[in-house]
Every structure is written in structure tokens, then in C-alpha cells.
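So the sequences go chain by chain: G and V.
Going left to right, the first sequence walks through residues 1 to 659 as our numbering numbers them.
Going left to right, the second sequence walks through residues 1 to 158 as our numbering numbers them.
No lab work stands behind these hints, which were simulated from the structure alone.
Remember, predicted model here, so these are calculated numbers, not experimental data.
All C-beta atoms, glycine included, are put in the ideal place defined by N, C-alpha and C.
Be careful, since some hints might not be right.
[As the list claims (entries may be wrong)] Label pairs and their calculated CB-CB ranges:
# : chain 1 : residue 1 : chain 2 : residue 2 : range
1 : V       : R128      : G       : N480      : 40 to 48 Å
2 : V       : R56       : G       : E309      : 25 to 33 Å
3 : G       : K79       : V       : E58       : 41 to 49 Å
4 : V       : G40       : G       : K209      : 40 to 48 Å
5 : G       : R545      : V       : A155      : 34 to 42 Å
6 : V       : E93       : G       : K478      : 57 to 65 Å
7 : V       : D61       : G       : H634      : 27 to 35 Å
8 : V       : D142      : G       : M216      : 34 to 42 Å
[Said to hold, decoys possible] Output of the computed footprint for chain V on chain G, the stretches with three or more beta carbons under 8 Å from beta carbons of chain V:
#  : segment
9  : 366 to 378
10 : 523 to 529
11 : 534 to 544
12 : 550 to 560
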Amino acid sequence: MTKQKSKKLRGLLLGAGFVAVAAFVFTGCPSQQSMLDRGSAAEKVYVAPGEHDEYYGFFSGGYSGQLSVWGLPSARFLKVIPVFSQDPETGYGYSEETKPLFNTSYGFIPWDDSHHPHISQTNGDADGRWIFINANNTPRIARIDLKTFETKEILELPNTGGNHASSFVTSNTEYVIGGTRFSIPYEQDLDVPIDSYSDSFRGALSFIKVDQNSGMMDLDFQIVVPPYNYDLGRAGKGPSADWVFFTTYNTEEAHTMLEVNASRNDKDFIAAVNWRKAAELVANGHGRTVPGEYYHNYYEGNQGYAVSERKNGVTILDTREIDEDFIYYLPTPKSPHGVDVDPTGEFIVGGGKLATIIPVHSFSRMLEAIDAGAVVERIDGIPVLDYDATIIGEVENPGLGPLHTEFDGRGYAYTSVYISSEIVKWSLETFEVVDRIDAYYSIGHLMITGGDTKNPDARYLVGLTKTAKDRYLPTGPKQNHPAQLYDISGDRMELLLDFPTIGEPHYAQEIRADKIKDNVAQIYEMEDNDHPHALRRIADNRIEREGNVVRVFMGATRSHFRPDNIEGIRVGDTVYFHLTNLEQEWDVVHGIAIKGAQNSEILVAPGQTKTMKWTPTRTGIYPFYCTAFCSALHQEMQGYVRVSAADSDVELTWRTGTN
Amino acid sequence: MKNITLLTAAVFISLTITACGESDAPADRDRSEAPAQEQGLSEFEVEHGIGPVTERVEIGDGFDQAMVDKGRNIYEMKCEMCHNYEGRMVGPELGNVLERRSPEFVMNFILNPGGMARDHPVGQELLREYMTIMPFQNVKEDEARAIVEYLRYYAEHN
Ligand SMILES: [Cu+2]
Numbered sequence: 001m002t003k004q005k006s007k008k009l010r011g012l013l014l015g016a017g018f019v020a021v022a023a024f025v026f027t028g029c030p031s032q033q034s035m036l037d038r039g040s041a042a043e044k045v046y047v048a049p050g051e052h053d054e055y056y057g058f059f060s061g062g063y064s065g066q067l068s069v070w071g072l073p074s075a076r077f078l079k080v081i082p083v084f085s086q087d088p089e090t091g092y093g094y095s096e097e098t099k100p101l102f103n104t105s106y107g108f109i110p111w112d113d114s115h116h117p118h119i120s121q122t123n124g125d126a127d128g129r130w131i132f133i134n135a136n137n138t139p140r141i142a143r144i145d146l147k148t149f150e151t152k153e154i155l156e157l158p159n160t161g162g163n164h165a166s167s168f169v170t171s172n173t174e175y176v177i178g179g180t181r182f183s184i185p186y187e188q189d190l191d192v193p194i195d196s197y198s199d200s201f202r203g204a205l206s207f208i209k210v211d212q213n214s215g216m217m218d219l220d221f222q223i224v225v226p227p228y229n230y231d232l233g234r235a236g237k238g239p240s241a242d243w244v245f246f247t248t249y250n251t252e253e254a255h256t257m258l259e260v261n262a263s264r265n266d267k268d269f270i271a272a273v274n275w276r277k278a279a280e281l282v283a284n285g286h287g288r289t290v291p292g293e294y295y296h297n298y299y300e301g302n303q304g305y306a307v308s309e310r311k312n313g314v315t316i317l318d319t320r321e322i323d324e325d326f327i328y329y330l331p332t333p334k335s336p337h338g339v340d341v342d343p344t345g346e347f348i349v350g351g352g353k354l355a356t357i358i359p360v361h362s363f364s365r366m367l368e369a370i371d372a373g374a375v376v377e378r379i380d381g382i383p384v385l386d387y388d389a390t391i392i393g394e395v396e397n398p399g400l401g402p403l404h405t406e407f408d409g410r411g412y413a414y415t416s417v418y419i420s421s422e423i424v425k426w427s428l429e430t431f432e433v434v435d436r437i438d439a440y441y442s443i444g445h446l447m448i449t450g451g452d453t454k455n456p457d458a459r460y461l462v463g464l465t466k467t468a469k470d471r472y473l474p475t476g477p478k479q480n481h482p483a484q485l486y487d488i489s490g491d492r493m494e495l496l497l498d499f500p501t502i503g504e505p506h507y508a509q510e511i512r513a514d515k516i517k518d519n520v521a522q523i524y525e526m527e528d529n530d531h532p533h534a535l536r537r538i539a540d541n542r543i544e545r546e547g548n549v550v551r552v553f554m555g556a557t558r559s560h561f562r563p564d565n566i567e568g569i570r571v572g573d574t575v576y577f578h579l580t581n582l583e584q585e586w587d588v589v590h591g592i593a594i595k596g597a598q599n600s601e602i603l604v605a606p607g608q609t610k611t612m613k614w615t616p617t618r619t620g621i622y623p624f625y626c627t628a629f630c631s632a633l634h635q636e637m638q639g640y641v642r643v644s645a646a647d648s649d650v651e652l653t654w655r656t657g658t659n
Numbered sequence: 001m002k003n004i005t006l007l008t009a010a011v012f013i014s015l016t017i018t019a020c021g022e023s024d025a026p027a028d029r030d031r032s033e034a035p036a037q038e039q040g041l042s043e044f045e046v047e048h049g050i051g052p053v054t055e056r057v058e059i060g061d062g063f064d065q066a067m068v069d070k071g072r073n074i075y076e077m078k079c080e081m082c083h084n085y086e087g088r089m090v091g092p093e094l095g096n097v098l099e100r101r102s103p104e105f106v107m108n109f110i111l112n113p114g115g116m117a118r119d120h121p122v123g124q125e126l127l128r129e130y131m132t133i134m135p136f137q138n139v140k141e142d143e144a145r146a147i148v149e150y151l152r153y154y155a156e157h158n
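Build out the structure end to end from the sequences listed, making use of the hints.
Given below as C-alpha cells:
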């Protein structure tokens with residue numbers, strides 16, 4: 001215990017510098033170290049070889065742009081689902097099929113910063129159909145199908161700067177939301193001085209409709225709001241299900257040195273949006289269409305090339321133009337980050353980064369305040385409600401820098417506290433802290449199993465921390481970000497595991513494995529392969545030339561390619577290898593790579609067709625081979641392409657099996 | 001004292017069982033070398049393979065042309081890349097397979113290739129020869145039957 005204490009102190013000092021010391025002084029009661037003895041902690045996270053974890057965990061990749069998948073509680077790493085960044089490991093973003101997913105109104109963008117995954121919901125519970133995730137830098141939202149664990153769709157959000165308050169869904173996945181972190185001029189491509197901020201900059205809150213059968217997203221409307229930073233969002237539940245909430249900071253409207261200039265006001269706002277009413281206003285023609293160019297990229301069939309649709313125009317509701325009220329500001333201390341709604345839908349908790357308390361608003365009191373007209377002012381038409389009328393509790397002594405809260409459904413909330421690097425557990429009845437535990441080090445978000453739904457099962461809590469420092473074997477000046485798993489089934493939180501993650505997880509989602517694992521596809525059925533360049537029968541393997549474009553219709557099976565000897569390719573040709581994996585057995589994957597290709601390999605799952613583009617620049621003999629260890633004769637799975645000069649008359653021929 | 005008695009009894013029992021060559025790991029490992037009967041296969045399984053087909057299948061004298069066409073389609077999509085009609089490829093030649101094997105055997109091989117390679121003496125033998133486990137190609141039982149019809153038709157017409 002003493003040893004752990006001193007280690008903690010060292011960690012805090014490492015993690016947060018002198019501010020951590022201040023935390024001891026201010027909070028009075030330092031965090032309690034609660035760790036099970038090694039044996040019982042190990043037992044709780046032990047999943048025997050061959051057995052499955054009880055939960056899937058989906059951790060955002062942050063600056064990796066991806067989404068990683070974990071088994072919990074063992075913290076087994078399962079896979080990375082590539083989303084917003086090219087992934088040479090699988091060929092995602094390199095294959096012709098996936099490249100269109102990266103198209104935006106700014107061109108092909110190979111990277112982004114993915115923050116907040118959210119699983120689709122039915123009746124306020126995670127249903128495991130899809131998982132959405134936002135791109136913060138070039139604003140987009142992606143939808144991943146949880147049958148194949150693949151990115152199926154990416155929608156760009158126009159007239160938005162930094163889509164951070166995203167991609168949270170409403171209780172029945174009617175909408176997925178987006179929000180401006182950096183306000184920018186709402187008018188597309190407007191060229192104005194930066195110090196015209198207050199006049200020409202605006203925020204945009206996006207409401208994307210989700211088709212319940214296909215999952216396809218459609219940008220229904222945007223609400224144009226004052227130029228603050230819209231940080232996080234969350235939909236209501238149960239009685240508040242028609243509402244979504246966004247936090248704002250920088251109500252000071254600073255555009256430089258925000259660190260200081262955006263930290264002046266004692267209170268910023270939580271924006272409460274009645275999305276159902278807003279959608280009705282739009283449906284009844286109260287919106288107006290403005291220019292806004294954006295891309296919508298998706299797959300049309302089971303397989304094939306993603307298509308990129310270029311769109312223009314978006315319907316907006318501008319609060320300055322509309323008389324009816326559908327959005328309200330709740331004053332909230334101070335530069336709040338998270339806004340989180342408890343499982344009953346009644347409590348709306350703000351994570352005031354710079355606040356000394358955790359403010360808790362009451363949804364029912366908010367409705368009463370609206371009815372009673374408890375409006376202290378209007379900003380661009382938006383009613384600002386009286387703080388005292390909506391607030392129901394202020395949690396004292398939460399530590400320094402409360403960020404984000406989730407709930408256990410048993411009457412307690414758990415808030416991550418960044419600067420003092422701890423998790424505090426507090427009561428939704430007394431609004432008093434009942435337990436606290438260290439995080440290693442500097443916790444950002446946390447996630448409770450089911451904690452953002454109506455029915456959390458609240459067995460575990462995962463803390464996503466920002467720096468590893470001395471926690472693991474050192475790996476250089478930059479190390480991977482850690483996560484900690486806590487048991488929260490008892491009165492006290494108990495640390496079970498501490499493990500490094502991938503990228504920088506900003507938020508995570510969890511779902512009970514039995515909700516999805518039986519629906520996960522094992523193969524792509526060949527009968528359903530609707531790829532326009534699929535090889536339907538091995539006998540059809542062939543090469544077609546049209547001018548300089550050469551298409552190789554190639555089949556792969558254990559343990560050969562067909563064709564595997566190709567002649568008659570010329571320098572200057574653009575060659576497409578359309579490779580179909582002709583196997584129908586789970587997890588038997590083939591890949592292809594060819595010498596000198598300015599491209600990644602392409603991995604092809606059973607029954608799938610994928611395309612690698614190759615533009616040879618030199619004559620010679622080019623070996624290609626299967627990059628996946630597919631069988632005992634994997635080393636035999638290879639072939640040759642002969643490349644001749646641009647003006648050569650070597651005939652285009654191909655063969656297999658005749659030496 | 002009691003413990004020792006129990007232990008002795010346990011050792012004795014396990015010796016007896018091992019002696020009978022059953023339910024013990026080393027004996028299990030030997031299975032591939034043992035004659036079929038000793039692998040615990042039924043007479044039907046020895047003759048017609050291990051898998052979902054456990055009874056003789058009715059085969060007519062003529063051909064069901066619709067079934068032949070269906071079988072050919074599946075065969076060309078899911079089998080032909082590994083099998084020649086004549087001569088070895090990834091797997092054995094299949095133009096004449098029905099001379100070597102019963103229709104039920106072929107169906108079980110299609111429907112349970114992994115099980116055949118693991119548990120059936122012919123499958124084990126073939127695996128040693130071809131060094132690649134045939135994949136299950138997501139073929140349903142009626143489709144396997146159609147493939148048999150096609151292979152019958154092929155043998156008759158070539
Ligand atoms: Cu291979």
C-alpha cells in the first residue's frame with residue numbers, strides 16, 4: 001500500500017506536474033488506491049484459451065483515424081477496423097474498391113482524427129447493427145457494419161469546422177449528430193479577416209437521418225448557431241429522448257489564444273435541442289437551403305466499388321430567422337467538455353473542465369423552466385434559461401478538471417477528472433462523492449459497459465488515459481496511450497488491468513458479445529458477389545486490354561493464382577488486378593503484392609473481390625505473390641509478369657499450369 | 001491412508017482403460033494408423049464417409065437435367081479451381097471419382113472435408129498425399145447432391 005501510494009504520487013507528478021500536488025491541497029481527500037490482490041484481479045480478467053470474452057469493446061483511434069476492437073474483460077486485442085486513414089496492412093484506402101470512401105469536397109484525404117464511436121440503438125439500448133464514428137479534422141461521419149466489421153459509408157459535413165460533437169445517436173438511431181468544434185464562416189469558402197469572427201463566423205449542428213434498413217445516412221438539416229465551440233453531444237433517453245444536448249465553450253468568441261481568452265466566462269452553455277421539433281420545422285418548410293458542397297461515399301451492393309456522390313446544398317434552421325423555440329441554452333460552468341444523460345433521462349451532467357463542481361441539470365426542471373418562461377436573455381433568438389431553474393445539484397470536490405460522466409443504473413455516476421488524474425464516483429441522489437480511484441495518467445474519457453444506454457450492465461469501467469510514462473516497458477519518447485479496466489460491480493471501484501491501446505482512444509463503446517457475435521459473417525458468399533469485375537468461375541480467368549488499361553481477372557485459391565504467368569504488359573499500361581478469393585472457408589485469406597508497385601498489398605477475404613492498381617515504369621520480369629500465409633504450399637503461391645517496352649509487340653498472353 | 005487407497009485405485013483403473021486402447025490420449029493419437037473399424041467408424045461411414053449424409057441416396061438410371069445444370073454451375077464456381085477432371089491438381093482428379101467412391105462418400109467429402117481429412121482413413125490418406133485440406137465451400141446438401149449428378153453425367157459423356 002505504501003509502495004503503491006508513493007508510486008501514485010510519482011505518477012501524478014509525472015503526469016500532471018505541480019497541478020497534481022495542488023489537487024491534494026484543494027480536494028482535501030486524496031484519491032484512494034483500491035486494487036485487488038493480484039490473484040483475484042487476475043481471475044476476474046482471465047478468459048481461458050479458446051473461450052470468448054463477454055464484451056466487445058470499440059475504442060476510437062484518435063489520431064490513427066481508425067477504430068480498434070477489444071475483448072473485455074481480458075483486454076484481448078481483436079482487430080483494427082480502418083475507417084478514416086489508409087491502412088496498408090489490409091489495402092483499405094489503397095484498393096480501387098475502398099479509395100472512393102476517402103473522397104471529400106477537398107479531394108482525396110488519406111487521414112483523419114476519429115473520436116467518438118457510438119453503437120446504433122433501439123429503444124435506448126445498443127443493438128449492434130452499426131457503429132458510427134466521427135472525423136474531427138475534415139468533418140465526416142462513418143458507418144461501420146457490425147456484420148463484417150467494415151466501413152461501409154462516409155458522409156462529409158459541409159460548412160462545419162472540426163466535427164467533434166459527434167457521432168452520437170438518438171434512442172432509436174433516428175439521427176446521428178455532428179457539431180462544429182471550430183466555428184467558421186457558415187457561408188461556404190468565405191474569404192474574410194479572422195477578426196471578423198463575431199460577425200461572420202457561425203456554428204453548425206448537423207442532424208443526419210439514418211435509414212433503418214440500410215443504415216444509410218442522409219444530412220437532413222443543420223442548425224446555425226452562435227460562433228462558439230461545440231464540444232460534445234449526447235441524446236436524451238426515455239422522457240428526454242426527443243432531445244439532444246451539446247456542450248459549448250468559448251462563448252467569449254475568442255479566435256486567438258483560446259487557452260486564456262476562452263476561459264474568462266464563469267459559465268458557458270449546454271445547448272438543449274428538441275430535435276423532433278426541429279425536424280418538424282424542416283419538414284414543414286421552415287428551413288432554407290444554402291450552398292454547401294459535400295461528399296457521400298458508400299457501397300451500393302454487397303461488394304464492388306464504393307461510389308462517391310457529390311452533393312450540394314443543405315437545409316438550415318437559423319435561430320435568428322425562426323420565431324419558434326426549439327433550442328435552449330442552459331448556463332453551465334465552466335468550459336464544459338462532456339454532456340451526459342443518465343439512464344432515466346432525467347439528469348444532464350456537464351463536465352466543466354475548469355469548474356470546481358460538477359453541475360447536474362434536471363430535464364423535468366428544464367421543461368418547467370421553459371413553460372414558466374424562466375428566460376434570462378436571448379442570444380441570436382436562443383432563449384438562455386435561468387441557471388437556478390434547471391440545476392438540481394452541484395457535486396462538490398470532484399477533483400480538478402472533470403470531463404466526462406457515465407452511469408451504472410444503480411444510482412451512481414462516474415466522472416473522469418483529468419488534471420487530478422482520477423475517477424470519482426458520486427451519488428445521483430445526494431450529489432456527493434462516494435469513492436475515487438487513480439487513473440494512470442491523466443484520464444480523458446471513460447466508458448462503462450452499457451453506461452450510455454437506458455440499461456447499463458455496469459460491470460466494468462474503462463478509463464482512457466493520455467500518458468503511459470512508467471506504466472509499461474518503455475518504448476521511446478512517444479508511447480502508446482493506456483487504458484485501465486476497473487471492476488465497478490461493488491461499492492468500491494477496483495483496478496483490474498492496465499493495458500496499452502492503439503492510436504489515442506478518446507471514447508469507447510461496449511456491447512455484450514452475445515448481441516452480435518452470432519451475426520458476424522464468416523465469408524462473403526460467392527453467389528452474392530455482385531462486384532462488376534468478380535471472377536464467377538475459374539474458367540473465366542482472363543486478361544482484357546482496352547488501350548493502355550489492362551484488366552486481369554484473377555482467381556486465388558490454396559495455393560495458386562490463376563493466371564500466374566502473364567506476358568504482353570507494356571510500360572505505360574495501367575494494370576488492374578481484380579483478384580477474387582474463390583474459397584468459402586472462414587478466415588482463409590489471400591493477398592497480392594507485386595514488385596515495385598507504388599501501392600500497398602491487397603488482402604482478399606473468402607469470396608471477396610478486390611482490385612490492386614499497378615503502373616509499371618520499367619521493363620523486366622515482375623514476381624508477384626500471396627502475402628497471406630494461406631496453406632502449407634503458401635510459398636508456392638506466386639507468379640510472374642513480363643513487362644515489355646511501350647512500343648513492344650509482345651502479344652498479351654496468360655497461362656497457368658503448363659510449364 | 002484413505003488417499004493412498006484412492007490413488008492406487010485410480011492408477012489401476014487408468015491402466016486398465018489404457019490397456020483396452022480407449023479414451024486415452026496416446027491411443028487417440030494413434031488413430032490415424034489404426035484400421036478403420038478401430039477408429040470407431042460405422043460400416044456405413046467406412047464405405048460412404050463421415051458427414052451429414054447417413055443413408056443411401058437414391059440415384060436414378062437416367063439423369064435429372066435440371067440437377068445436372070445446377071451441379072455444373074456450382075462445380076465451376078466452387079470446385080474447378082482445385083480439381084481437374086483428369087490428372088492431379090490441388091486435389092485429386094474427379095472425372096472418374098464415382099468409380100472410386102460412392103455418391104454418398106462424395107457428398108460427405110463436399111459437406112465435411114475437414115472431418116473427412118481428420119477422421120476418415122481415406123481422407124487421412126488423401127491429405128498425406130495432397131498436403132492441403134480441402135475447404136468447405138459453403139455448399140448445401142441438395143447442392144452436393146446436384147454436384148454428384150453432374151459428375152455422373154460428366155463421366156457418362158466424356
Ligand atoms: Cu494464398
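A quick look at each hint next to the structure:
1. V:R128 <-> G:N480: 40 to 48 Å: holds, 45 Å
2. V:R56 <-> G:E309: 25 to 33 Å: The hinted range 25 to 33 Å is violated for V:R56 and G:E309, with Cβ atoms some 57 Å apart.
3. G:K79 <-> V:E58: 41 to 49 Å: Roughly 47 Å apart at Cβ, these two residues keep to the hinted range, so it holds.
4. V:G40 <-> G:K209: 40 to 48 Å: violated, 60 Å
5. G:R545 <-> V:A155: 34 to 42 Å: holds, 39 Å
6. V:E93 <-> G:K478: 57 to 65 Å: 58 Å Cβ-Cβ, so the 57 to 65 Å window holds.
7. V:D61 <-> G:H634: 27 to 35 Å: violated, 45 Å
8. V:D142 <-> G:M216: 34 to 42 Å: Between V:D142 and G:M216, where Cβ atoms are some 35 Å apart, the hint holds.
9. 366 to 378: violated (count 0)
10. 523 to 529: holds (count 4)
11. 534 to 544: holds (count 4)
12. 550 to 560: holds (count 5)
The structure fails hints 2, 4, 7 and 9 (numbered hints given earlier, in ascending order).
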